[in-house]
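Modelling step: build the complete structure from the supplied sequences, incorporating the hints.
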Amino acid sequence: MGEEILKVEKLTVEFYGQKVVEDVNFSLKKGEVLAIVGPNGSGKSVLFRALLGLVPYSGRVTWQKGIKIGYVPQKLTVEKDFPLTAEEFMMLIGAKPKQEIERALEDVGLHKKNNGYGWLLDKKLGQLSGGQFQRLLIANSLTGRPDVLLFDEPITGIDIAGEETIYALFRKLQSSTDLTVIVISHDLNTIHDFSDFVLCLNRKQICFGRPHEVLDHKLLHHLYGEEMEHHHHDHDLSAL
Amino acid sequence: MTSFQIISAIFIGLAAGYVGSFMVLRRMALVGDALSHVALPGLAIAILLNINPFIGAFATLFIGIVSVWLIENRTELSTESLIGLIFTFSLAIGFLITPQSELLEALFGNISKISAFDAYLAVALSIVLISVMYGVSKGFILSTISPDLAKASDVKVAKLNFVFLLLVAIAVALGIKAVGSLLMGALVIIPAITSKNITSSLRGYTVASALIGLVSLLGGMAIASELHLPPGPVVILASSAIFLLSLSLTRK
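Those protein sequence lines, which keep their order, are chains A and B. For the first sequence, counting from 1, position 19 maps to 19 in the working numbering; every step adds exactly one. To convert a position in the second sequence, counted from 1, into the working numbering, add 240.
It should be emphasised that the hints constitute simulated quantities derived from the structure, not laboratory data. Please note: incorrect hints may appear among the correct ones.
Computed beta-carbon distance windows for the label pairs [unchecked claim]:
hint: 1; chain 1: B; residue 1: Y374; chain 2: A; residue 2: R103; range: 23 to 31 angstroms
hint: 2; chain 1: B; residue 1: D394; chain 2: A; residue 2: A168; range: 25 to 33 angstroms
hint: 3; chain 1: A; residue 1: D178; chain 2: B; residue 2: S488; range: 50 to 58 angstroms
Beta carbons: idealized from backbone N, C-alpha and C, even for Gly.
Right, dumping it as structure tokens:
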């Protein structure tokens with residue numbers, strides 16, 4: 001595979017003297033997909049924020065020079081009456097030609113209706129459904145033509161059918177543009193098909209490697225412990 | 241009304257309405273209200289030293305916003321409660337040191353006293369205010385929705401917040417001459433919440449808020465001068481009336 005795009009060494013994040021992420025080490029090459037898994041409160045989102053430089057950390061995070069990072073946060077709450085249309089939102093980061101926005105929307109599975117995107121782009125941001133908003137966020141980060149996409153997968157919001165198209169999209173982008181993807185994943189089932197590497201996190205790094213090599217029952221039990229049951233339960237509910 | 245008053249009212253109304261629209265999106269409605277009280281000791285000092293009240297008001301407002309900014313960035317204390325402390329403290333001080341004869345004017349404004357210099361200052365500062373706010377508006381909105389997303393997109397959030405507070409301080413200092421320190425908060429907030437009722441895009445919302453600010457201030461002052469009433473309270477009543485009207489037009 002290609003050149004190294006990210007190297008993380010001894011990454012530790014402390015909040016008020018408490019280590020919430022401890023001694024994480026891994027590296028990633030261009031075009032690879034890394035899934036980060038772990039129970040709730042295991043530090044996944046904090047790790048993301050450290051990679052983005054949003055929280056102070058010790059250790060080293062080295063991105064390849066000149067790299068462009070797209071970020072899709074897990075959840076944004078926008079009030080229903082916040083006066084900002086979806087189109088205005090898409091224009092907040094950099095000016096983009098309309099075709100580029102439309103192509104990105106098409107890519108994330110949001111399609112034209114009556115030959116246009118008025119049904120989506122003229123709507124207030126706060127009035128989009130959870131799934132529509134999430135896709136819009138992904139489309140928004142893709143219009144910046146990132147080399148790396150950091151995707152904090154929502155626990156709910158994108159329906160099962162939708163979820164597949166998102167991952168299909170990542171796979172497509174990966175092969176066509178060599179996009180590197182780091183995803184915080186809540187669905188262990190998609191990891192085997194989709195990711196090249198998996199990093200298990202429970203404050204400390206529990207595993208790192210190819211999914212079929214490192215993800216076994218024993219490890220998952222170690223990782224999720226008691227919470228395993230809950231985790232599955234959550235998914236059953238969201239699938240309903 | 242003199243032409244100086246009319247020109248001042250137009251520009252101050254536009255600037256207050258425009259900046260106010262962003263304050264409401266940040267849920268800073270009450271911060272703006274409290275912040276306007278900080279101007280009172282500044283006004284008092286300016287009166288005592290016989291200098292332009294705008295300078296006095298802006299000086300104490302500047303200290304006020306630096307305090308807010310430091311609190312936001314440096315401490316984990318609740319901003320809200322500390323703001324409550326700083327602002328009631330300055331209101332108390334201001335009340336004690338403002339000369340009795342000037343107190344009513346400082347609290348409720350008096351635009352009839354506006355000089356040519358005040359009018360030119362109002363026009364120039366309003367133009368700067370609106371231009372700078374427009375320039376930072378995209379980054380500001382993004383960091384309002386998600387500070388993380390903004391930082392990840394290279395928006396300098398802390399710096400931008402400071403610039404914004406500075407703009408708020410200028411807007412408040414400008415408006416105090418017209419409506420006084422007690423009611424200035426309403427002049428930045430009411431046009432914005434009115435506009436929010438009737439618009440759905442950011443562009444429509446901010447433009448309408450600026451225009452409603454203009455109409456409220458100019459209309460209120462005209463009515464007040466006709467009826468020989470103090471302008472400040474009449475301006476706020478006028479903007480409240482427009483707000484009530486907008487409720488009947490609310491788009492869902």
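Each hint tested on the structure:
no. : hint                                : verdict
1   : Y374/B / R103/A: 23 to 31 angstroms : holds (29 angstroms)
2   : D394/B / A168/A: 25 to 33 angstroms : holds (30 angstroms)
3   : D178/A / S488/B: 50 to 58 angstroms : holds (56 angstroms)
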